[in-house]
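Produce the entire structure from the sequences given, and follow the hints as far as they go.
Chains A and B, in that order, are what the protein sequence lines are.
Residue numbering for the first sequence follows the numbering used here, beginning at 1 and increasing consecutively.
Residue numbering for the second sequence follows the numbering used here, beginning at 1 and increasing consecutively.
The hints are simulated quantities; they were obtained by calculation from the structure and are not laboratory data.
Please note that the accuracy of each hint is not assured.
From chain B, some residues computed to sit far from chain A (all C-beta separations above 12 Å) [stated by the list, open to error]: (1) Pro392; (2) Val412; (3) Arg440.
Calculated cross-link-like contacts (lysine to aspartate or glutamate; reagent style EDC-like; alpha-carbon spacing at most 20 Å) [said to hold, decoys possible]: (4) A:Lys281 with B:Asp144; (5) A:Lys269 with B:Glu373; (6) A:Lys273 with B:Glu365; (7) A:Lys273 with B:Glu370; (8) A:Lys281 with B:Glu370; (9) A:Lys274 with B:Glu365; (10) A:Lys281 with B:Asp368; (11) B:Lys408 with A:Glu37.
Here a beta-carbon is modelled for each residue, glycine too, at the ideal position from N, C-alpha and C.
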Amino acid sequence: MVSIEDYGQFETAWCPGCGNHSILEALKRGLVDSGLEPYQILLVSGIGQAAKTVHYLKANVFNGLHGRAVPVASGAKLANQDLKVIVASGDGCNYGEGGNHFLAALRRNIDLTMIVHNNQVYGLTKGQASPTTQEGFVTKAQPEGVASLPFNPIAVAVAMQASFVARGFSGMIDHLAGLIKEALAHEGFALIDVLQPCVSFNKVNTFAWYKQRCYKLPEEYDPTDWQAAMQRAMEWGDRIPLGIIYRNQRPTFESRHSVLKQGPLVRGKTDLKKLEKIMDKFS
Amino acid sequence: MESKEINLLIGGEAGQGLVTIGELLAKSLVRSGYFIVVTQSYHSRIRGGHNTYAIRASGKKIVAPREAVDLLVALNPETVALHKSEISAGGLTIVDTAFKTTSDKCLQVPYLELGEKQFSNVVALGVVSFLLGLELEMVGKALDDAFGKKAPEIAEKNMQILQESYRWCSHQGVNFSKLAPASDIRRRLLMNGNEAIAMGALSAGVKFCSFYPMTPATSIALNLAAQASTMGLVVEQAEDEIAAINMAIGASFAGAPSIVPTSGGGFALMTEGVSLAGMSETPLVIVVAQRPGPATGLPTRTEQADLELVLHSGHGEFPRAIFSPGTVEECFWLTRKAFEVAAKSQGPVFILTDQFLADSARAIEPFDLEGLETVRVGIVEDSADLPYFRYPIYESGISPRLLPGMGKHLVVAGGDEHPIDGHLTEDLSVRKFMVEKRLRKEEEIVAEVVPPEIQGDEKPDLLLVTWGTTKGAILEAAAKLRNDSTRVGTLHFSQVWPLVPQQFLEVLQDAGEVVCVEGNAFGQLARLIRRETGFNFHRRVLRYDGLPITPEYILRALERS
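What follows is the structure in structure tokens.
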């Protein structure tokens, strides 16, 4: 039986009080509760404070370029679908630099779990606006306040009928661990947008700010009801819903692919007799 | 009278079916035992414009295109106007009677009498087949192979019109010398450069291809996609080139030998990924099918101007290999080699080709697959000693590579500087060791370098040097010059990086006049050789008008100065 100790303890480079500590804790718990051992998973990240998460627990790891975690994770999953592949990176990495990959991942529905640490600000580069920063937020890079509308990842994912769309909060570790377990069990692309405070650079969306607003979706809420999900997805401000906002049973990319249906590519052999026949067609 | 060779050019608008005519003729010629060199030139549009499909055919081995046209098949009046100056002595133009062209070197074909408008390309096929001296049955079989399965009534009609047009032409008493029968008839394949790259990749055991469509690279991915279910690989059209290269890096990290085909602009987007492959030590084969830049340039034409881009692509320092095939056969073998070198050196390896070779179909001997090995990526091992570290330092610089999920070991890799365990480090002494470890891998690449091919006279008066797809042009130009009692040699680089001066510097120094022939304006290979060896080329023959370098082009350039 796998235990949380199997995932190790590492010294981190994060500020005390950063939401990343709690997300890391919830991730480990979600993995243990899923009965997954470190060698069975692959963690993929990009660049940012959140992207360092993958270095703070035992697992297979690929820490790539800023914004490009999703393509790397997609390629790795297609090569070896026996791996549980998890993307862990921030709002800037996944929604900004990697925005096009996020949209494509929603459409492709490869069986990945994408955990977005969303603190609505850039931490690693010291406090510039992120795609989810709220309007009017003043930074050294946006001295007159952010003029752009914040990106709503939940609404975009629901609108695209992504197969699993959830929101968590770093201040509710048990709840978040439960979401991660559900996402890992889900077959298909699973987004968990995790709200978290940035103690150094976001003095507006603080722990207390989120704590006051976040509420768990009621028991009777039906995440398969797309219209209801769209309504919840647009809810932001005084009240912010947490939980599985939308899910469906769309077939995964892998399940539709004639080659992948037969097993992982990485275990596939090359039959040169077949190639001989293919080449005959050129004569 | 019979001709030793014929250069045929079909011209018309996109959508007139000229490629279909060209491909059926090419197939029939190859099956009849002829050697061919196809040159395609087209506008960046699906309908209209002016496109050409040229076939140079000969009973003897030929390796380059030729400019003078013996048989011009004009599917529209514009083609006559654009190409009449290229017609050789004894050449003939085939026109539609409806064009009302007046010239005694024209064969007026009553297209609409021989077949309805939608069959006019079959009429042209029948007429040209007769003039070339092809057997009707041979062309009929090629037509049937291509369209026989589609709709039986159309296939039947095709065949009828082909026969009528062929016979019609046979009764015209046209004064045109058909091809002398081929002497060395044997089974050959009709294949272009991009098809050979795809076949080479399949033979090497490629399992993953991600790409974003871009001329002239797209057909590599399409050829792989057509065989994906048979050969067991995944070909995925990515959302952009950045995704394409990062997907391939992910797939390769997890153990699938991966290829990424693209062209200049798309490759420019990929360069951060190239650097990631270098840092994370992930094997990756990248094909850059060149076309003229900068920016969008001439999207459907040819050029050899991305050598410097590929050589310097990706920030930071890491080893790489760059292959530059000169023939369809080299496309196949060097793609295999690229996979081997990528797996061995654990990093990015490039194949530089271009639109000319990508689209240039040739008659080639079938590849012997007997005993060929597929690449082994990573050591698939269930019982590695734990803990496993991805980047331990050895003399060769190469660290044994295990695959994630294929055992209880953990594989940690990435783009940040790392100690042997693959996690982040800011320890600057580790940094120094790791830079040196990565760079030492170049020695492994150097040990595998394909030496440049030296041909012709030893210690020649004139040495023609080139790389990549211009190979055939220097070989044929050299042969022509040699007839004029000059000692002529050639040197062709099918691998342009790393350069190993011991393999060629003496040859350069021993020659009288050394000329670098390249399809770009800078003379990029000449500059690179000077940088690496100090050798200064005496002359450069450069071309950058979007067309491939021909033997005639070289001869003209040499005469001029």
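A quick look at each hint next to the structure:
no.	hint	in the structure
1	Pro392	holds (17 Å)
2	Val412	violated (4 Å)
3	Arg440	holds (23 Å)
4	A:Lys281 with B:Asp144	holds (14 Å)
5	A:Lys269 with B:Glu373	holds (11 Å)
6	A:Lys273 with B:Glu365	holds (18 Å)
7	A:Lys273 with B:Glu370	holds (9 Å)
8	A:Lys281 with B:Glu370	holds (18 Å)
9	A:Lys274 with B:Glu365	holds (18 Å)
10	A:Lys281 with B:Asp368	holds (15 Å)
11	B:Lys408 with A:Glu37	holds (9 Å)
The structure fails hint 2 only (numbered hints given earlier).
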